[in-house]
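Engineer: Based on the sequences and whatever the hints tell you, model everything.
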Amino acid sequence: MAADYGALLSPTSRGRRFKANLVVALAVVATTFALVPLASVFLFLVTRAAGVLGPDFLLQDPPGDLSAAGGGIRNAITGTLEMTALATFIAAPVGILIAIFDTEVGGRAATGTRFFIDVLVALPSIVVGIFVYSLIVVAQGHFSGFAGSVALAAIMLPVIVVSTEEMLRLIPRPISEGARALGLSRWRTYASVFLPTAVSGIFTGLLLAVSRAIGETAPLLFTALGNNFFSTDMNEPMQGLPLLIYRNALNSAFPAARDRAMGAALVLVLIVLAFNLLGRWLVARRKLSRSTGQ
Amino acid sequence: MVGRIRSKAGPDGLAAGPFARRRLLNGDIVFRLVAAAAAGLTIGLIGLMVFDSVQAAWPAFQRFGLDFVTGIRWSPSFTIYGALPFIYGTLLTSAIALLLAVPIAVLIALLVTEFLPTQVGRPVAIVVDLLAAVPSVVWGLWGLLVLVPFMRPIEQGIADGPGRLIPFLGPPTPGPSYFVAGVVVAVMIVPIVAALTREVFATTPRLQREAVLALGGTRWDVIRCVVLPIGRTGLLAAVLLGLGRAIGETIAVTMVIGNAPRIGGSIFSPGFTLASVIANEFNEATEPLHAESLVGLGVVLLVIAIIINGAGVAVRRRFERSAGRGR
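Protein chains in written order, with our numbering: chain A, 224 to 517; chain B, 564 to 890.
Take these hints with a grain of salt, some might be off.
If you only want the chain A side, here are some residues facing chain B, beta carbon under 10 Å, derived [said to hold, decoys possible]:
| hint | residue |
| --- | --- |
| 1 | Leu258 |
| 2 | Leu281 |
| 3 | Leu309 |
| 4 | Ile353 |
| 5 | Phe477 |
| 6 | Ala479 |
| 7 | Met485 |
| 8 | Leu505 |
| 9 | Ala507 |
| 10 | Arg508 |
Since the hints were derived computationally from the structure, they do not count as laboratory data. None of these values were measured; they are calculated from a predicted model. Note that CB positions come from ideal geometry on N, CA and C, so glycine has one too.
Structural biologist: As structure tokens, then:
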């Protein structure tokens with residue numbers, strides 16, 4: 224992109240130059256316009272939610288009654304972290320194995336799995352909730368954090384498969400040739416060569432999947448259900464930050480519920496951003512090392 | 564079994580060669596079986612879940628037949644379940660969202676790929692992507708506490724003024740509405756459509772751009788004559804994939820659409836979408852037919868989402884193939 228296109232832009236008729244500038248101006252206006260909600264949501268959270276935050280808000284459980292003031296969101300934080308962690312433990316190995324299946328086996332079978340992964344991407348998250356409800360909650364006879372984790376895993380799975388497949392496809396040819404030349408078996412090739420080579424990319428995909436799953440509410444509504452009390456038991460209904468925000472927001476006529484929803488929203492956004500930015504930073508760093516290194 | 568799934572070439576594109584048969588050791592067979600089991604189990608589970616849900620919704624389909632989709636009345640207290648108000652709400656909010664989001668997303672993509680130098684364009688793209696990082700429930704909260712109060716007087720002004728003459732813009736305007744829901748969904752799909760469009764524009768062959776510039780064209784001429792015509796298919800795919808996301812959007816919409824189970828005559832009236840009625844009523848559905856009908860709504864939503872996303876993926880593959888050929 225080193226070419227100087229500016230030199231090619233010799234004077235043209237004023238009308239056409241005006242049109243060109245008009246489009247640039249329009250694009251700038253549109254981009255600014257699109258960022259207004261982002262600025263507004265951050266301003267809203269920082270100005271109105273920051274006052275709610277404090278050690279008590281993070282370390283205490285909410286009062287049983289939504290309209291009552293005081294208490295914190297401890298149960299929702301632990302619930303979200305616990306369910307997301309279990310979802311990652313379910314989705315990561317399965318997703319990586321599916322990606323390996325697609326690249327290694329290929330052919331018609333892989334086309335079939337890709338079709339199903341496309342279906343999984345297309346699934347509205349509320350439908351995932353209904354599916355897991357009819358598969359697990361009905362079978363178990365009660366709502367549970369475990370069911371919530373499975374629903375989150377279904378959200379994460381396609382993200383992990385797609386990013387892992389991309390990383391496996393990017394493995395430089397000399398590396399696979401080297402593995403072949405050493406006479407490594409295929410599983411040894413993956414275990415000792417391909418996966419270690421692609422590990423940072425796969426990890427980035429994982430982080431982005433986690434940052435997506437942490438913020439999901441709809442899949443948890445009919446699976447984890449929510450819980451006003453502190454619980455780490457995966458067999459019990461479990462609270463999550465998005466659920467807590469949703470239920471309190473629906474009762475935002477009560478100042479206490481509104482404040483709780485806003486404080487929890489700020490905490491959730493900070494957690495999601497941490498995962499998201501970490502993932503992006505790793506991507507950027509890898510690209511940098513690839514372009515400067517070697 | 565193992566013989567059937569063995570491919571001629573590995574992921575690296577290297578032919579397996581005459582030694583391949585010997586190289587497929589016991590460990591490799593186990594390895595492939597494990598990978599195949601992961602894929603097979605997942606597909607089986609998805610299939611089972613779809614089957615389970617269709618089965619769970621079957622009584623509702625059986626009882627109402629086609630009326631389930633075309634019925635305009637949804638009344639749990641009279642055990643009448645017609646999904647049309649929600650299908651209407653889903654399509655209306657998605658249409659509003661697309662009308663607002665697509666032009667903005669395309670202009671963002673143009674700014675980033677065509678007008679800004681890479682060092683400035685990349686940060687802009689990252690900031691736009693941050694819109695997608697904010698969780699749905701947070702957009703809903705923002706919509707409820709910031710956007711609805713902000714929009715209410717505007718909606719009222721339009722409804723009481725020009726809205727009296729123009730259909731779909733009339734009163735009543737309680738605040739939460741199809742329109743506000745459409746705006747929130749637009750905010751959420753702008754980053755998705757912008758990212759997909761950016762990818763499309765970035766694949767425009769450089770020679771074609773330079774040809775227009777060499778003929779004395781402006782940057783707008785490059786966009787008009789090269790970038791948009793070549794990227795047309797890719798743009799369509801981006802719109803379809805954005806629409807797929809818009810249709811399934813649940814929580815944010817539930818919080819700002821007003822939850823009224825009827826076909827609102829104005830875009831400023833409260834309504835319901837397929838996803839939001841499920842979110843709102845499923846936990847309270849004690850009567851079996853009510854729950855079955857809600858699962859039925861889920862199946863309807865699933866069918867719509869798969870058709871739209873399937874079309875999006877198919878169009879996108881087509882674009883990628885043609886872009887690959889062009890280079």
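Engineer: Answer holds if the nearest beta-carbon of chain B is closer than 10 Å to that of Phe477 (chain A); otherwise answer violated.
Structural biologist: Not OK, violated: Phe477 (chain A) not within 10 Å of chain B, min 13 Å.
Engineer: Could you check if Ile353 (chain A) really has its C-beta closer than 10 Å to a C-beta on chain B?
Structural biologist: Holds, about 4 Å.
Engineer: Quick check on Met485 (chain A) please, does its C-beta sit within 10 Å of some C-beta on chain B?
Structural biologist: 7 Å, holds
Engineer: Hint Ala479 (chain A) vs chain B: min CB-CB distance below 10 Å?
Structural biologist: Ala479 (chain A) check fails; min Cβ-Cβ to chain B is 15 Å, beyond 10 Å.
Engineer: Should the interface hint for Leu505 (chain A) be scored as holding, given a Cβ-Cβ cut-off of 10 Å against chain B?
Structural biologist: Constraint on Leu505 (chain A) not satisfied, violated at 14 Å.
Engineer: Let me know if the C-beta of Leu309 (chain A) comes in closer than 10 Å to any C-beta of chain B, holds or violated.
Structural biologist: Violated. Min distance 16 Å.
Engineer: Would the stated hint for Ala507 (chain A) survive a check requiring a Cβ distance to chain B of less than 10 Å?
Structural biologist: 9 Å, holds
Engineer: Minimum Cβ distance from Leu281 (chain A) to chain B below 10 Å?
Structural biologist: 18 Å, violated
Engineer: Any CB of chain B closer than 10 Å to the CB of Leu258 (chain A)?
Structural biologist: 7 Å, holds
Engineer: Holds or violated: is the Cβ of Arg508 (chain A) closer than 10 Å to a Cβ in chain B?
Structural biologist: 14 Å, violated
Violated hints for the displayed structure, listed by number in ascending order: 2, 3, 5, 6, 8, 10.
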